[in-house]
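With chain C held as given, fit chains X, E and V onto it using these hints.
4 protein chains.
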Amino acid sequence: METKIKIERELRPWQRKMNEVIFGAETPAGKWFDIILLIIILISVIGVMLESVPGIREDWGELLHTGEWVLTIIFSLEYIARLLCVKRPILYIFSFYGVIDLLSVLPTYLGLFFVGTGPLRVLRCVRLLRLFRILKLHQFVEDSERLMRALKSSRTKITVFLFTVLMLVVILGTIMYLVEDHQSGFTSIPRSIYWAIVTLTTVGYGDIAPSTPLGQFIASIVMILGYAIIAVPTGIVTNELMNDKNNIVSNRACPNCSKDDHDEDADFCKHCGHQL
Amino acid sequence: METKIKIERELRPWQRKMNEVIFGAETPAGKWFDIILLIIILISVIGVMLESVPGIREDWGELLHTGEWVLTIIFSLEYIARLLCVKRPILYIFSFYGVIDLLSVLPTYLGLFFVGTGPLRVLRCVRLLRLFRILKLHQFVEDSERLMRALKSSRTKITVFLFTVLMLVVILGTIMYLVEDHQSGFTSIPRSIYWAIVTLTTVGYGDIAPSTPLGQFIASIVMILGYAIIAVPTGIVTNELMNDKNNIVSNRACPNCSKDDHDEDADFCKHCGHQL
Amino acid sequence: METKIKIERELRPWQRKMNEVIFGAETPAGKWFDIILLIIILISVIGVMLESVPGIREDWGELLHTGEWVLTIIFSLEYIARLLCVKRPILYIFSFYGVIDLLSVLPTYLGLFFVGTGPLRVLRCVRLLRLFRILKLHQFVEDSERLMRALKSSRTKITVFLFTVLMLVVILGTIMYLVEDHQSGFTSIPRSIYWAIVTLTTVGYGDIAPSTPLGQFIASIVMILGYAIIAVPTGIVTNELMNDKNNIVSNRACPNCSKDDHDEDADFCKHCGHQL
Amino acid sequence: METKIKIERELRPWQRKMNEVIFGAETPAGKWFDIILLIIILISVIGVMLESVPGIREDWGELLHTGEWVLTIIFSLEYIARLLCVKRPILYIFSFYGVIDLLSVLPTYLGLFFVGTGPLRVLRCVRLLRLFRILKLHQFVEDSERLMRALKSSRTKITVFLFTVLMLVVILGTIMYLVEDHQSGFTSIPRSIYWAIVTLTTVGYGDIAPSTPLGQFIASIVMILGYAIIAVPTGIVTNELMNDKNNIVSNRACPNCSKDDHDEDADFCKHCGHQL
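Protein chains in written order, with the working numbering: chain C, 1 to 276; chain X, 1001 to 1276; chain E, 2001 to 2276; chain V, 3001 to 3276.
Simulated from the structure, these hints should not be mistaken for laboratory data.
Just so it is clear, CB atoms sit at the ideal spot from N, CA and C, and this is done for glycine as well.
Be careful, since some hints might not be right.
Unchecked claim - Under 10 Å between C-beta atoms, here's a sample of chain C residues computed to sit facing chain E:
no.: 1; residue: Val53
no.: 2; residue: Val203
no.: 3; residue: Gly235
no.: 4; residue: Thr238
Next up, chain C with everything else stripped away, as it sits in the complex (with noise of 0.2 Å):
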């Protein structure tokens, strides 16, 4: 009996009230408490990038260290108030952002107890991703379904063509192992591999670059194939929204003619002018 209350709890009125404040952004307070949430974890992720640099760790190291203590403390009391008005607070912890909640405050205090964790404590950037649970409004959470629905339905379409890539990219990358002069770079296949991707995206370092005409030539051809199959995925997605799109159009038949191709805002059927 214990355990299920554990797993599964009433909740009493001032943990529905808090839920509905930390889970929800249908109340004014529940907004609030999200926007200064975003606040605080924009602040808090800039900080630990400022870190990262040489030149401001030294002369502000301290600020920083002192700003990420009260940052971690403060997101240590929302993590225990989240474990306090869920219902299934077990659920909580080994779900997606109970283990970002975690993972946001765990490198610092670890750096109390660890020597040479310091390394880790970037990981904190992690906090970046629960912008996401954040970031739920209506026309936002609506298009951002839409753009998904569009790429989950081109899933087998746009494998097809990752593979057919990166076939085309080792196969590509052996041979200018094999054609180019290994000084210019094309030292053992997997970096000629790279050096194919490199170019086929049309990113180009320039790092490793062909120096033989023979290289060069074949180079020009992955270039002029790398620009022309990205009209591929793009095609592919392109296509997918103007279906979705199509779909959304046309759900509801004509209760007289029953034609089914009206837009969403129709109020007549365009076709026999009886009334939707």
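For chains X, E and V alone, coordinates are given in the frame of chain C:
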């Protein structure tokens, strides 16, 4: 009473005439005024640019300096003329183009009274923004508006996309800062984020490039990601342009409710059911 | 009377026959003439290219020189043949392809009479433009025209886009000139504008790259901007291609119900079943 | 008679069974065979890659060498098994995948008999091509075919585009060879064309970059051109994908002439006029 006149005054015939020439583009005189102003602005901007080239400044500095003063006086006279012939001079002064017009001449005059305002003189390049006012030709305005409308209606979708890109770039930059050798340029998180932006957008300067195999592997993922997700804004804008076109195509107003957003194949008004 | 004959003359049977072979591509002889000419042009352009490579010029210069004279004489004979069999020779001489044909042979002859016209010899590459005349095969012409029509009808939209990009690039270049260290390549406004173009178009040579944090921050904005606004021309062209398709499809009205949204390959009206 | 049997023979029950497992993917055994083969191929390709890295070759060369022989023997047995269970072994040997299968094992055996065939061993990467045969899963095949169909039907349009790009690149390269300082990398026309391709496709290595103002001006035009014309292939592919979708949507066959390329809103067959 006097203040009111200052804010909104009756224009005398010569002022009305002048207003037509300076602000309008319908009369032949107004068109010629715009074309001449356009040429003068282009000359003055090219002058500012050339002055910044060390070699040219030494050889032609005298001529550029004289030309600059001539153009500044022309722009000053134009500014005064604009002030003279508008209904509400104060409204004009604080309008977007009023401020731009003032900023076009101010840096040159400031150079007379203050020493060390030299670098500010390049601010005269804001003159270029004045071209936007001039280029209000019929076809251009219509097409610009169509593009702006498409971009506006895809505003939230593009914001979602940009926000996701920013998150991605911060997270990828932090990972690279942890993974990569600090010798090859990844000296701080902000610099690593800068690298992530350079790579994800397929710009690829090569000033910072990964040198370790693991770093190059992650970089490859970033590149392919950047190569693939460019499809998303493209799909969004194409989608909106197509939607907008559909709205424009159906320019038949309903004889009953006079709404005009019907599809091309509609036989009845979708708002009131009246036959089209 | 004589002048008139010179401008527009009656073609004799052998001239008509010759015209058909040289200018037409319908007869087998005309097709073979085109294919052989195509191969000769390609060989001659490759020859010009190879001649510019220092190593090859030294080893094979003699052969390339002889080959060049043989090809020049062939092109000269072809030019004379074209003159002989057109109705209006003068019109041909001053037509686009007439000038190109003359420029294809002139540089070689000029080398005989004048010293120092060596660099002009690469002008023989204009021969490549002659390929456009040859490649008038049915499917190619149709698809080229469709693409050209789509680009033409999106002319103003693309101009608006290019103009906005140019403005953006001038303003961003000027800001970077003010902000960035002149040591890292931003030595003048034109150079900074060049950098802005290199960055906005995602080319990213890396010969000029920002070195200060503020410069890198602005550069990041430029990159994301360039990454996002490439969606605009893509959207425009896709949109026009789709519209063009629709225009082509729907140009036959049904004689019975006069609906005109039929496919190109439709033989019967899809609304009333009447023969089209 | 005997030759005929060799070319097309009756399969015995155990051969039919074997064929089903090796060539098919419908039975559970066939699926497992494909999955195991896929893993072995991936391992062998990764092995080939790692062997090309100098550091790994020295430390793990012995293990990689042994592994390579184990995998080669497995592939050899598979090759023999395939030969045993096909109806026409000779047809298989000279088919695309037959040649690939042979090339997958040959380089290792050649190393036994001949010295100096080391570089040829990377040819074993062709094993990767065998993945295409394996990945014939339902959804993948359908979507690949849809993409291939869209690319095929836009074949001529893409050819026109690529041809125009090639012409542009030759002409721009030649102009840059004339205009630019030969010291900054534009040493020959082919190299200048290589630069033009690197720039137009927005790859931008930076190994060759213009250094004169005129060269940088022309380069700017090339970049903006490359930035704008990428819209063309994108528009073409998107257009074809949309068209293809329409064709697929209308999968109703006419009861009279059984053609099935009708629009969604068609009430009558557009080929014979029969009611649908």
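We went through each hint and held it up to the structure:
A distance limit of 10 Å between C-beta atoms decides the matter here; for Val53(C) the minimum to chain E is near 8 Å, and the interface restraint holds. Because the beta carbon of Val203(C) sits about 8 Å from the nearest beta carbon in chain E, less than 10 Å, this interface hint is met. Hint on Gly235(C) holds. Least Cβ distance to chain E is approximately 9 Å, under the 10 Å limit. Checking Thr238(C) against chain E: minimum C-beta separation of about 7 Å stays under 10 Å; hint holds.
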